[in-house]
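Asker: Construct the complete structure from the given sequences, taking the supplied hints into account.
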Amino acid sequence: MPHPATEIHESGGTVTPHVRRLLDFAEPTGDDVCLDVARGRGPMPAALSPQVRHVTAVDAAPPPSAWDGRPDGKGRVPTVEFGTGPVRIADADPAGPRRSQHAAPRQNDLTDPDGFPVTSADELTVRAEATALPYQDNAFSLVTTRFSLYNLGDPARVLRELLRVTRPGGRLIIADVVRTNLAGADRDWIERVRDPDHPGTFSIAGLTDLITSAGANVRRLDVFTVERPVEPWLAGAHSLAAAAEIREALEEEIDGGPRTGAKPRVIGGELWFTQNWAHVAAEPI
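For the sequence shown, counting from 1, position 84 maps to 84 in full-length UniProt numbering; every step adds exactly one.
The set of hints was computed from the structure by calculation and includes no laboratory data. On a predicted model such as this, the values are computed, not experimentally measured, just so you know. There may be inaccurate statements among the hints.
[Claimed, not checked] Ranges between beta-carbon positions, derived for each pair: (1) Arg127 <-> Thr180: 29 to 39 Å; (2) Ala128 <-> Thr225: 29 to 39 Å; (3) Ile285 <-> Ile254: 43 to 53 Å; (4) Ala235 <-> Pro168: 41 to 51 Å; (5) His54 <-> Glu252: 48 to 58 Å; (6) Tyr135 <-> Ala241: 34 to 44 Å.
Cβ atoms here follow ideal geometry from the backbone N, Cα and C, with glycine treated the same way.
Answerer: Here is the structure:
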(Lines of atoms letter the chains of each structure in order from A and count residues from 1; the text may use other names and numbers.)
(Lines give C-alpha, C1' and ligand atoms only; values in the text may rest on other atoms or scores of the structure.)
Protein backbone atom coordinates (compact mmCIF):
# COMPACT_ATOMS: atom_id res chain seq x y z
CA MET A 1 0.00 0.00 0.00
CA PRO A 2 1.47 3.39 -0.95
CA HIS A 3 2.54 5.66 1.88
CA PRO A 4 1.20 9.23 2.18
CA ALA A 5 3.44 11.81 0.54
CA THR A 6 4.51 13.61 3.66
CA GLU A 7 6.94 16.52 3.47
CA ILE A 8 10.42 16.46 5.01
CA HIS A 9 11.95 19.74 6.11
CA GLU A 10 15.69 20.30 5.69
CA SER A 11 18.00 23.28 5.51
CA GLY A 12 17.57 23.30 1.71
CA GLY A 13 13.79 23.66 1.87
CA THR A 14 10.77 21.38 1.86
CA VAL A 15 11.69 18.02 0.31
CA THR A 16 8.93 15.87 -1.13
CA PRO A 17 9.52 12.11 -0.87
CA HIS A 18 9.92 11.55 -4.62
CA VAL A 19 12.59 14.27 -4.85
CA ARG A 20 14.34 12.89 -1.76
CA ARG A 21 14.34 9.44 -3.34
CA LEU A 22 15.99 10.84 -6.46
CA LEU A 23 18.56 12.76 -4.40
CA ASP A 24 19.47 9.63 -2.46
CA PHE A 25 19.75 7.70 -5.72
CA ALA A 26 22.03 10.35 -7.26
CA GLU A 27 24.39 10.24 -4.24
CA PRO A 28 25.69 13.82 -4.57
CA THR A 29 28.93 14.71 -2.79
CA GLY A 30 30.58 17.93 -1.75
CA ASP A 31 33.06 17.59 -4.63
CA ASP A 32 30.47 17.26 -7.39
CA VAL A 33 30.15 19.84 -10.16
CA CYS A 34 26.59 19.37 -11.38
CA LEU A 35 24.44 20.14 -14.40
CA ASP A 36 20.65 19.83 -14.40
CA VAL A 37 18.89 19.88 -17.77
CA ALA A 38 15.14 20.33 -17.77
CA ARG A 39 12.23 21.74 -19.75
CA GLY A 40 11.39 24.74 -17.60
CA ARG A 41 12.22 24.94 -13.92
CA GLY A 42 12.32 21.97 -11.57
CA PRO A 43 13.43 21.23 -8.02
CA MET A 44 16.80 19.61 -8.69
CA PRO A 45 19.12 22.66 -8.77
CA ALA A 46 17.92 23.91 -5.40
CA ALA A 47 17.80 20.39 -3.99
CA LEU A 48 21.37 19.65 -5.06
CA SER A 49 22.85 23.03 -4.21
CA PRO A 50 23.38 22.50 -0.45
CA GLN A 51 25.09 19.16 -1.10
CA VAL A 52 27.55 19.81 -3.94
CA ARG A 53 30.31 22.24 -4.93
CA HIS A 54 28.40 23.88 -7.80
CA VAL A 55 25.17 23.49 -9.77
CA THR A 56 24.40 24.80 -13.25
CA ALA A 57 20.80 24.63 -14.47
CA VAL A 58 19.79 24.57 -18.13
CA ASP A 59 16.24 25.38 -19.18
CA ALA A 60 16.43 23.44 -22.42
CA ALA A 61 14.54 24.02 -25.63
CA PRO A 62 14.00 21.34 -28.26
CA PRO A 63 16.14 21.83 -31.40
CA PRO A 64 14.70 24.08 -34.14
CA SER A 65 13.48 21.08 -36.15
CA ALA A 66 11.13 20.23 -33.28
CA TRP A 67 9.60 23.70 -32.96
CA ASP A 68 6.84 23.05 -35.54
CA GLY A 69 5.99 26.71 -35.85
CA ARG A 70 5.45 27.17 -32.12
CA PRO A 71 8.34 29.44 -31.10
CA ASP A 72 7.70 32.72 -29.36
CA GLY A 73 9.05 34.80 -32.25
CA LYS A 74 12.70 34.47 -31.18
CA GLY A 75 13.20 30.79 -31.85
CA ARG A 76 12.46 29.81 -28.25
CA VAL A 77 9.69 27.41 -27.28
CA PRO A 78 7.74 28.59 -24.22
CA THR A 79 8.83 26.61 -21.19
CA VAL A 80 6.64 24.33 -19.14
CA GLU A 81 7.00 23.14 -15.57
CA PHE A 82 6.50 19.56 -14.38
CA GLY A 83 4.74 19.89 -11.04
CA THR A 84 3.90 16.43 -9.77
CA GLY A 85 1.64 17.54 -6.96
CA PRO A 86 1.24 15.09 -4.08
CA VAL A 87 2.18 11.51 -4.82
CA ARG A 88 2.19 8.25 -2.92
CA ILE A 89 5.26 6.05 -3.40
CA ALA A 90 4.48 2.37 -3.14
CA ASP A 91 7.64 1.49 -1.21
CA ALA A 92 8.64 4.85 0.30
CA ASP A 93 11.23 4.73 3.07
CA PRO A 94 9.63 6.19 6.23
CA ALA A 95 13.02 6.57 7.88
CA GLY A 96 13.53 9.95 6.27
CA PRO A 97 16.48 11.58 4.51
CA ARG A 98 20.10 12.17 5.37
CA ARG A 99 20.86 15.75 6.29
CA SER A 100 23.39 17.64 4.24
CA GLN A 101 26.36 19.24 5.98
CA HIS A 102 27.88 20.99 2.99
CA ALA A 103 26.26 24.40 2.82
CA ALA A 104 23.80 26.80 4.39
CA PRO A 105 20.51 27.61 2.64
CA ARG A 106 20.28 30.51 0.25
CA GLN A 107 18.25 33.54 1.16
CA ASN A 108 15.51 35.46 -0.71
CA ASP A 109 14.45 32.38 -2.66
CA LEU A 110 11.28 31.62 -4.56
CA THR A 111 9.47 28.26 -4.38
CA ASP A 112 9.08 25.81 -7.25
CA PRO A 113 6.08 23.48 -7.85
CA ASP A 114 7.61 20.68 -5.75
CA GLY A 115 8.18 22.91 -2.74
CA PHE A 116 11.88 23.68 -3.07
CA PRO A 117 13.12 27.26 -2.78
CA VAL A 118 14.84 28.28 -6.00
CA THR A 119 16.39 31.52 -7.11
CA SER A 120 14.73 33.40 -9.94
CA ALA A 121 15.07 32.02 -13.44
CA ASP A 122 17.22 34.97 -14.50
CA GLU A 123 19.74 34.26 -11.73
CA LEU A 124 19.76 30.48 -11.89
CA THR A 125 19.00 29.26 -15.37
CA VAL A 126 20.91 29.10 -18.66
CA ARG A 127 18.72 28.68 -21.74
CA ALA A 128 20.11 26.33 -24.36
CA GLU A 129 19.21 23.44 -26.62
CA ALA A 130 19.58 20.05 -24.96
CA THR A 131 21.22 18.70 -28.13
CA ALA A 132 23.81 21.51 -28.22
CA LEU A 133 24.81 22.38 -24.67
CA PRO A 134 27.28 25.29 -24.36
CA TYR A 135 29.83 23.33 -22.30
CA GLN A 136 33.07 21.53 -22.99
CA ASP A 137 33.41 17.77 -23.03
CA ASN A 138 33.68 16.12 -19.60
CA ALA A 139 32.70 19.32 -17.79
CA PHE A 140 30.49 17.84 -15.04
CA SER A 141 30.79 14.99 -12.56
CA LEU A 142 27.01 14.73 -12.04
CA VAL A 143 24.37 15.42 -14.71
CA THR A 144 20.65 15.12 -14.00
CA THR A 145 17.51 15.28 -16.10
CA ARG A 146 14.07 14.78 -14.58
CA PHE A 147 10.84 14.21 -16.52
CA SER A 148 12.33 16.01 -19.51
CA LEU A 149 14.09 13.46 -21.71
CA TYR A 150 11.17 12.95 -24.10
CA ASN A 151 10.41 16.68 -24.35
CA LEU A 152 13.79 18.07 -25.37
CA GLY A 153 14.14 16.73 -28.89
CA ASP A 154 15.24 13.31 -30.13
CA PRO A 155 15.97 11.31 -26.93
CA ALA A 156 18.99 9.54 -28.45
CA ARG A 157 20.61 12.87 -29.43
CA VAL A 158 19.80 14.37 -26.04
CA LEU A 159 21.38 11.42 -24.26
CA ARG A 160 24.54 11.61 -26.37
CA GLU A 161 24.87 15.29 -25.53
CA LEU A 162 24.31 14.72 -21.80
CA LEU A 163 26.94 11.98 -21.86
CA ARG A 164 29.36 14.22 -23.77
CA VAL A 165 29.46 16.73 -20.90
CA THR A 166 29.68 13.99 -18.23
CA ARG A 167 33.19 13.20 -17.01
CA PRO A 168 34.65 9.69 -17.22
CA GLY A 169 33.77 8.11 -13.91
CA GLY A 170 30.95 10.61 -13.44
CA ARG A 171 27.28 9.76 -13.63
CA LEU A 172 24.23 10.76 -15.58
CA ILE A 173 21.02 10.44 -13.56
CA ILE A 174 17.77 10.12 -15.52
CA ALA A 175 14.32 10.22 -13.92
CA ASP A 176 11.26 9.62 -16.06
CA VAL A 177 7.96 7.83 -16.50
CA VAL A 178 8.26 4.31 -17.92
CA ARG A 179 6.12 1.34 -18.88
CA THR A 180 6.82 -2.03 -17.36
CA ASN A 181 8.32 -4.46 -19.85
CA LEU A 182 5.06 -6.42 -19.95
CA ALA A 183 2.82 -3.38 -20.50
CA GLY A 184 1.74 -2.66 -24.04
CA ALA A 185 2.13 0.66 -25.82
CA ASP A 186 -1.65 1.11 -25.62
CA ARG A 187 -1.05 2.37 -22.07
CA ASP A 188 0.05 5.60 -23.74
CA TRP A 189 -3.40 6.38 -25.11
CA ILE A 190 -4.20 8.42 -22.01
CA GLU A 191 -0.97 10.38 -22.45
CA ARG A 192 -1.80 11.05 -26.10
CA VAL A 193 -5.33 12.17 -25.32
CA ARG A 194 -3.88 14.59 -22.78
CA ASP A 195 -1.12 15.71 -25.17
CA PRO A 196 -1.41 14.77 -28.86
CA ASP A 197 2.33 15.45 -29.28
CA HIS A 198 3.31 12.93 -26.60
CA PRO A 199 6.10 10.81 -28.14
CA GLY A 200 5.25 7.62 -26.26
CA THR A 201 6.61 6.15 -23.06
CA PHE A 202 9.62 3.85 -23.18
CA SER A 203 9.46 0.46 -21.55
CA ILE A 204 12.11 -0.11 -18.89
CA ALA A 205 14.09 -2.26 -21.33
CA GLY A 206 13.62 0.31 -24.07
CA LEU A 207 15.00 3.10 -21.90
CA THR A 208 18.05 1.12 -20.79
CA ASP A 209 18.71 0.04 -24.41
CA LEU A 210 18.51 3.68 -25.49
CA ILE A 211 21.07 4.66 -22.84
CA THR A 212 23.54 1.91 -23.76
CA SER A 213 23.15 2.69 -27.48
CA ALA A 214 24.02 6.33 -26.70
CA GLY A 215 27.35 5.25 -25.21
CA ALA A 216 26.92 4.51 -21.52
CA ASN A 217 26.76 1.66 -19.05
CA VAL A 218 23.71 1.41 -16.82
CA ARG A 219 25.07 1.16 -13.29
CA ARG A 220 21.89 1.25 -11.20
CA LEU A 221 18.16 1.18 -11.77
CA ASP A 222 15.30 2.08 -9.42
CA VAL A 223 11.76 1.43 -10.68
CA PHE A 224 8.78 2.14 -8.45
CA THR A 225 5.08 2.85 -8.56
CA VAL A 226 3.46 6.15 -7.62
CA GLU A 227 -0.11 7.26 -7.35
CA ARG A 228 -0.99 10.82 -8.37
CA PRO A 229 -4.16 12.86 -8.12
CA VAL A 230 -5.71 13.17 -11.55
CA GLU A 231 -6.77 16.81 -11.50
CA PRO A 232 -3.31 18.49 -11.23
CA TRP A 233 -2.14 16.23 -14.06
CA LEU A 234 -5.22 17.00 -16.18
CA ALA A 235 -4.56 20.72 -15.71
CA GLY A 236 -1.88 20.24 -18.39
CA ALA A 237 -4.30 18.69 -20.90
CA HIS A 238 -4.43 20.41 -24.31
CA SER A 239 -8.19 20.96 -23.99
CA LEU A 240 -11.05 20.71 -21.53
CA ALA A 241 -12.62 18.06 -23.76
CA ALA A 242 -9.48 15.90 -23.53
CA ALA A 243 -9.43 16.22 -19.75
CA ALA A 244 -13.10 15.26 -19.59
CA GLU A 245 -12.51 12.20 -21.82
CA ILE A 246 -9.71 10.92 -19.58
CA ARG A 247 -11.66 11.62 -16.40
CA GLU A 248 -14.67 9.75 -17.74
CA ALA A 249 -12.58 6.74 -18.78
CA LEU A 250 -10.98 6.49 -15.33
CA GLU A 251 -14.32 6.81 -13.55
CA GLU A 252 -15.83 4.14 -15.79
CA GLU A 253 -12.96 1.78 -14.94
CA ILE A 254 -13.62 2.22 -11.22
CA ASP A 255 -17.27 1.30 -11.90
CA GLY A 256 -16.19 -1.89 -13.67
CA GLY A 257 -15.66 -0.53 -17.17
CA PRO A 258 -12.76 -1.17 -19.58
CA ARG A 259 -9.28 -1.07 -18.11
CA THR A 260 -7.11 1.91 -18.99
CA GLY A 261 -3.86 0.61 -17.49
CA ALA A 262 -3.81 3.58 -15.10
CA LYS A 263 -5.30 1.67 -12.14
CA PRO A 264 -7.48 4.54 -10.94
CA ARG A 265 -9.09 4.70 -7.51
CA VAL A 266 -10.67 7.27 -5.24
CA ILE A 267 -8.60 8.52 -2.28
CA GLY A 268 -10.14 10.99 0.13
CA GLY A 269 -12.88 11.80 -2.35
CA GLU A 270 -10.40 12.55 -5.16
CA LEU A 271 -9.62 10.56 -8.28
CA TRP A 272 -6.02 9.22 -8.37
CA PHE A 273 -4.15 7.16 -10.95
CA THR A 274 -0.94 5.13 -11.13
CA GLN A 275 2.33 5.61 -13.00
CA ASN A 276 5.66 3.78 -13.02
CA TRP A 277 8.72 5.98 -12.52
CA ALA A 278 12.35 5.00 -13.09
CA HIS A 279 15.65 6.40 -11.88
CA VAL A 280 18.65 5.33 -13.95
CA ALA A 281 22.31 5.93 -13.15
CA ALA A 282 24.50 5.76 -16.27
CA GLU A 283 28.25 6.17 -16.73
CA PRO A 284 29.92 7.20 -20.01
CA ILE A 285 31.93 4.43 -21.63
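Asker: Compare the structure with each hint and give your call.
Answerer: Here is what the structure says about each hint:
1. For Arg127 paired with Thr180, a C-beta distance near 35 Å keeps the hint of 29 to 39 Å intact.
2. About 34 Å separates the C-beta atoms of Ala128 and Thr225, a value consistent with the hinted range of 29 to 39 Å.
3. A beta carbon spacing of about 47 Å between Ile285 and Ile254 agrees with the range 43 to 53 Å that was offered as a hint.
4. The hint said 41 to 51 Å for the Cβ distance between Ala235 and Pro168, and at roughly 42 Å that hint holds.
5. Checked against the hint of 48 to 58 Å, the C-beta distance between His54 and Glu252 comes to roughly 51 Å, which is consistent with it.
6. Against the hinted window of 34 to 44 Å, the Cβ-Cβ separation of Tyr135 and Ala241 comes to about 43 Å, which satisfies the hint.
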